[in-house]
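So the protein lines, in turn, are chains P and X.
Everything in the first sequence is counted per the numbering used here, starting at 0 for the first residue and increasing by one.
Everything in the second sequence is counted per the numbering used here, starting at 0 for the first residue and increasing by one.
Worth double-checking, as some hints may not be accurate.
Claimed, not checked - In the EDC-like style, the derived pairs of lysine to aspartate or glutamate whose C-alpha atoms are separated by at most 20 Å in a straight line are:
1) K26(X) <-> D296(P)
2) K26(P) <-> E294(X)
3) K94(X) <-> D60(X)
4) K363(P) <-> E424(P)
In case anyone wonders, no lab produced these hints; they're calculated from the structure.
Just so we're clear, the structure is a prediction, and the values are computed from it rather than from any experiment.
2 protein chains.
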Amino acid sequence: MSAPVPSDKPLRLGIAGLGTVGIGVVKIVQRHADMLAARAGRPVQITAISARDRTKNRDADLSNYAWESDPVALAMRDDVDVLVEVMGGHEGAAKDATEAALRAGKDVVTANKALLAHHGQALAELAEDLNRAIRFEAAVAGGIPVIKVLTEGLAGNAMRRVMGVMNGTCNYILTRMEEAGLPYDTVFEEARQLGYLEADPNLDVGGIDAGHKLAILAAIAFGTQVSFDNVVLEGIGRISIDDIRRAGDLGYKIKLLGVAQMTGRGLEQRMTPCLVPSSSPLGQLTGGTNMVVLEGDAVGQIVLRGAGAGEGPTASAVMGDVMDLARGLRLPTFGQPAGSLMQATPAVTSVPAPYYLRLQLADKPGALAKVATILGESGVSISRLRQYGHADTSAPVLIVTHKTTRDAIDHALAALPATRVVEGEPVAIRIEEL
Amino acid sequence: MSAPVPSDKPLRLGIAGLGTVGIGVVKIVQRHADMLAARAGRPVQITAISARDRTKNRDADLSNYAWESDPVALAMRDDVDVLVEVMGGHEGAAKDATEAALRAGKDVVTANKALLAHHGQALAELAEDLNRAIRFEAAVAGGIPVIKVLTEGLAGNAMRRVMGVMNGTCNYILTRMEEAGLPYDTVFEEARQLGYLEADPNLDVGGIDAGHKLAILAAIAFGTQVSFDNVVLEGIGRISIDDIRRAGDLGYKIKLLGVAQMTGRGLEQRMTPCLVPSSSPLGQLTGGTNMVVLEGDAVGQIVLRGAGAGEGPTASAVMGDVMDLARGLRLPTFGQPAGSLMQATPAVTSVPAPYYLRLQLADKPGALAKVATILGESGVSISRLRQYGHADTSAPVLIVTHKTTRDAIDHALAALPATRVVEGEPVAIRIEEL
């Protein structure tokens with residue numbers, strides 16, 4: 000075998016966190032001991048575990064593993080080579096255990112997107128100083144090995160754009176709204192009762208969780224320091240069933256879509272509701288499935304689709320990292336030395352795109368002309384317009400614009416009230432071109 | 000940086016073959032020297048090249064590279080660390096150069112699916128004996144990094160099934176037949192004139208090229224010795240525009256689909272036309288794009304989509320391998336030691352599936368009853384049946400069966416002629432469930 004590093008010594012894991020993901024990892028290591036050893040050229044074992052509550056029934060035989068009540072103590076054990084951090088949270092125990100592991104000469108495999116989004120650069124520098132590895136495939140898009148594809152498989156490409164639907168709960172809510180014709184609040188409540196939402200639901204529906212993932216992808220794609228604070232975040236709470244239906248009529252779906260792109264002005268990162276063509280792979284994505292779209296200058300467009308969460312898929316991603324370490328495959332945290340990662344200039348949305356506009360137009364002579372004039376003066380030209388029948392004193396008007404800038408749209412939105420023919424607040428949603 | 004192997008010494012490539020792919024690699028190395036060096040932690044350079052015709056204009060500046068007219072001589076040069084074999088062909092120069100490179104202590108990156116399908120096991124053993132690496136991401140599904148995803152990203156999974164549409168020309172022909180309503184022969188001729196077909200078109204339309212790729216994926220997925228001879232091959236030459244239309248009416252598309260699956264009877268590998276649901280990712284694939292579906296016991300289903308051929312995508316795959324070697328990431332050829340790969344028992348199609356049947360039924364009383372009786376006696380039960388109107392003495396009948404075995408279908412097909420109510424040859428196509 001040509002791999003230079005692995006010995007036949009076992010790789011010994013210490014697992015911090017015995018929730019869904021941790022138990023999923025335990026099950027794979029137990030079920031597939033022979034297969035993992037054949038593939039890695041050495042055994043992969045669990046030696047120690049740690050969780051908050053030792054007495055909880057966990058549907059797995061943990062009796063052969065040493066128990067630590069303190070994850071930091073687990074991380075520093077002599078019989079642990081790799082800390083598998085699957086506790087979550089970006090401060091406190093997860094961060095402490097990760098740092099302790101690196102300092103004690105161990106590698107770290109983590110599923111913790113928040114930790115990396117907030118402390119990725121510092122942790123990458125620490126790992127590099129100590130000559131240790133941090134791996135985090137499970138932090139982004141669940142079972143989809145997107146970190147590996149981007150960092151390694153596409154390493155010959157200058158990346159142009161990275162996109163993704165990476166929060167299954169949001170996609171579930173939007174799909175359910177569409178299919179059942181239910182308003183956001185009702186479906187949100189359903190999702191809460193089904194246990195689909197984080198304790199702080201804003202992590203999901205506010206786009207924060209997906210934003211963490213986008214910031215990590217952007218760092219790798221563009222060789223920049225991870226910068227979650229510069230992700231433009233807009234959740235799905237303001238998406239109405241009306242817009243879902245209207246967008247559908249026009250041939251689009253509404254998705255909480257992350258887009259990262261390097262432009263002449265700097266790095267754009269946004270996690271916002273967007274329209275995508277119903278016939279596109281992103282448009283056809285329903286329920287909790289995730290999808291990532293990677294665009295490189297040589298490869299063109301690569302689309303990856305798979306389960307974004309759940310015991311098996313997330314544990315599969317953790318084990319991908321574990322197996323790399325067992326096989327001696329080691330890389331800098333974000334694919335290149337931490338010191339070579341640039342601090343990107345954050346840029347607001349400058350890449351032109353078509354926009355979807357919905358406004359409620361008063362039934363007055365010349366009303367539409369006034370709107371058209373404002374749009375024209377703002378530099379927004381109309382590609383398609385649809386006015387709906389009405390029995391009321393006003394009617395919904397849908398507009399798909401030609402490609403224009405967010406600035407032009409904002410200018411138009413600011414100027415519309417003065418016409419006194421637009422009722423309520425107009426809705427404007429970017430149409431991301433695929 | 001934590002990678003243990005790379006030095007700051009350049010990784011020096013010798014490129015054998017200056018067709019589309021070779022020139023694509025040259026362009027990436029020239030265009031992205033800084034980016035590649037930053038990511039690999041060391042420069043990536045081309046030192047020598049080789050091709051049949053030195054004088055041909057190749058749209059790239061090759062003046063800084065040493066020229067070898069013999070690829071074997073190129074492979075053995077002292078200033079070459081990695082042979083990039085992009086000539087093609089499974090005997091002769093490609094094989095000789097690959098073996099010479101390994102024996103001279105060089106690693107090999109190849110795009111040559113035929114070479115690996117025919118000599119994969121022997122080459123893997125040779126590489127292992129000599130402690131060298133053979134990498135072949137570009138051999139399967141063009142720009143899609145499926146070898147990496149399967150070998151590394153999903154290394155924690157026992158794979159259940161691997162599927163793929165991996166010959167863009169066949170998918171182009173089938174899509175074009177459907178969209179233009181043209182018969183196979185006409186579209187085949189179009190494709191030939193557009194230069195989409197290999198010199199021996201049977202490599203494409205006979206499923207051989209795609210079968211090579213499937214055999215490689217199966218070896219990695221199931222830890223078996225690559226065994227192209229045991230791939231059941233059926234090309235697209237017998238697909239009629241009629242079946243494409245009828246399948247469409249029933250909600251299916253016809254694809255040349257590769258499926259590899261380990262069953263109780265052994266390893267099934269087939270590259271045959273199949274029906275897939277029109278609404279599935281595979282069903283929505285049009286034109287030359289490739290798609291691979293990987294199913295693992297932990298991860299569930301992962302779908303990968305991208306360009307299956309072309310300068311940029313294929314060169315991107317080659318460079319992914321080159322960058323792995325530059326970064327010191329090394330693995331056994333098929334992901335585990337060559338000696339541990341089992342010789343799989345080849346199995347014919349035993350996994351039950353629904354089937355699509357089309358037959359031309361004589362307009363006689365009791366004709367349908369006779370067919371239904373034969374099907375029932377063969378153990379084939381009918382899920383949906385559609386009889387079309389007709390002005391003739393016979394009418395087309397379409398049947399979608401419940402899940403059944405290929406044996407049962409063959410039994411029914413053999414028994415139908417004796418009824419004397421079926422005209423011509425009935426068509427039976429497997430419906431692969433996704």
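ask   = Can the restraint linking K363(P) and E424(P) be considered satisfied, given a maximum Cα separation of 20 Å?
value = holds (18 Å)
ask   = Given the hint that K94(X) pairs with D60(X), does the C-alpha gap stay at or below 20 Å?
value = violated (28 Å)
ask   = Is it true that the CA of K26(P) sits at most 20 Å from the CA of E294(X)?
value = holds (18 Å)
ask   = Is the hinted pair K26(X) and D296(P) satisfied, with a Cα-Cα distance of at most 20 Å?
value = holds (11 Å)
In this structure, the one hint that does not hold is number 3.
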